[in-house]
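Construct the complete structure from the given sequences, taking the supplied hints into account.
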Amino acid sequence: MKLRTWTGRLGLAVAALIFVAACGTTGGGGSATCTAAKAKTATSASDCGGMDALVAAAKAEGKLNIIAVPRTWANYGEIIDGFQAKYSIKITSDNPDGSSQQEVDAVKQLGTTSRAPDVLDVGMAVALANTTLFTPYKVQTWDDILTSQKEPTGLWFQDYGGFMSIGYDSKKVPELKNFNDLLGSSFRGKVALNGNPKQANAALNGVMMANLAVGGTLDDIKKGVDFFHNLKVAGNFSKTQATDSTVKNGTTPVVFDWDYLSAQHGKDVPSWKVFVPSGVALGGYYAQAISKTAPHPAAARLWEEYLYSDEGQNLWLKGLARLVRQAAMEKSGKVDAAALAKLPPISGTAQFLSPEQATAAKNYVVAHWDTAIA
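Last residue of the sequence shown: 458 (this note's numbering), numbering continuous.
In the DSS-like style, the derived pairs of lysine-lysine whose C-alpha atoms are separated by at most 25 Å in a straight line are:
#, residue 1, residue 2
1, Lys-316, Lys-306
2, Lys-261, Lys-351
3, Lys-147, Lys-192
4, Lys-122, Lys-170
5, Lys-357, Lys-255
6, Lys-316, Lys-282
7, Lys-307, Lys-261
8, Lys-174, Lys-402
9, Lys-256, Lys-357
10, Lys-332, Lys-256
11, Lys-234, Lys-418
12, Lys-143, Lys-170
13, Lys-261, Lys-323
14, Lys-234, Lys-282
15, Lys-415, Lys-402
16, Lys-426, Lys-261
17, Lys-332, Lys-357
18, Lys-261, Lys-316
19, Lys-234, Lys-415
20, Lys-192, Lys-122
21, Lys-402, Lys-351
22, Lys-376, Lys-143
23, Lys-255, Lys-323
24, Lys-261, Lys-332
25, Lys-357, Lys-426
26, Lys-170, Lys-147
27, Lys-402, Lys-234
28, Lys-282, Lys-307
29, Lys-256, Lys-316
30, Lys-323, Lys-307
What the hints contain is simulated information worked out from the structure, not anything from laboratory work.
Here it is in structure tokens:
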């Protein structure tokens with residue numbers, strides 16, 4: 085499970101990148117050379133001589149560094165394997181259980197070294213606060229992404245999402261029928277978040293879902309923080325941050341998490357159920373970004389092209405995540421209909437945090453969370 089917390093181990097290895105890659109002929113009939121310098125500043129595949137040239141440059145680099153991407157998160161394992169097999173590019177996956185904030189911390193700490201992250205997959209609050217670390221890039225399917233789901237120049241663009249839910253082991257706690265059931269004695273020490281909400285996008289949205297369930301609004305997360313304070317007072321909140329392992333071994337039998345992640349726990353825990361409070365359909369998307377100091381700039385851009393291709397998007401869909409290109413792919417008939425039919429159902433009117441609301445929610449939680457659960 086992708087906790088997106090601050091606990092990963094980041095190795096520091098300094099290496100200068102000296103790279104010149106000869107690229108193939110473009111589809112337009114001319115020839116192009118995609119150097120490292122050209123790849124690093126390319127804002128589209130055409131800037132690097134077209135897709136054939138970009139592929140050649142990425143293969144010449146031969147490596148890609150990703151971070152905070154667990155194989156079990158939204159089917160990332162199959163995506164990683166698919167990219168490596170298709171392009172013969174080795175992926176180094178660092179700190180898979182890391183947080184969104186830890187991703188950008190790694191970019192800052194590792195700088196231009198060969199171990200630095202090439203690409204990031206972060207929550208929106210973190211993306212919005214760190215655009216100076218990103219470089220603009222527009223994938224070939226850019227027009228399929230809604231304007232509200234991308235930064236105009238390509239500094240970040242949303243990728244996949246879902247809806248917040250509460251997963252629970254029905255053998256360890258009573259059936260959830262009402263949100264406030266979580267305050268009952270049967271849930272003592274059992275209610276957890278997927279990460280620390282000061283740092284982790286999934287956890288922050290878990291607090292926001294609680295906020296909406298008890299009458300709060302997207303503009304003010306205070307009631308959500310207060311709810312977790314009440315959970316702590318009742319002895320029901322567990323500070324153990326949920327992972328696949330803690331769910332499997334029963335340490336965290338109740339977890340606030342995205343529906344596409346929670347649904348996966350049923351594979352290991354057959355008695356796992358997913359509950360969404362009545363009328364609370366809080367949706368959210370993560371965002372992709374390319375590091376300005378990516379040590380493998382061509383591979384970074386090719387990775388994004390793969391993720392936003394029909395192939396890449398359908399692989400996320402197999403992981404029960406909702407796609408940023410879903411509407412366009414349904415219209416074109418390119419969506420995996422069988423995978424689409426398996427998406428967890430939602431009820432009520434979907435709500436999404438605006439960039440301003442996401443930033444305000446994070447700022448409030450950073451200022452008040454530790455006191456609330458002390």
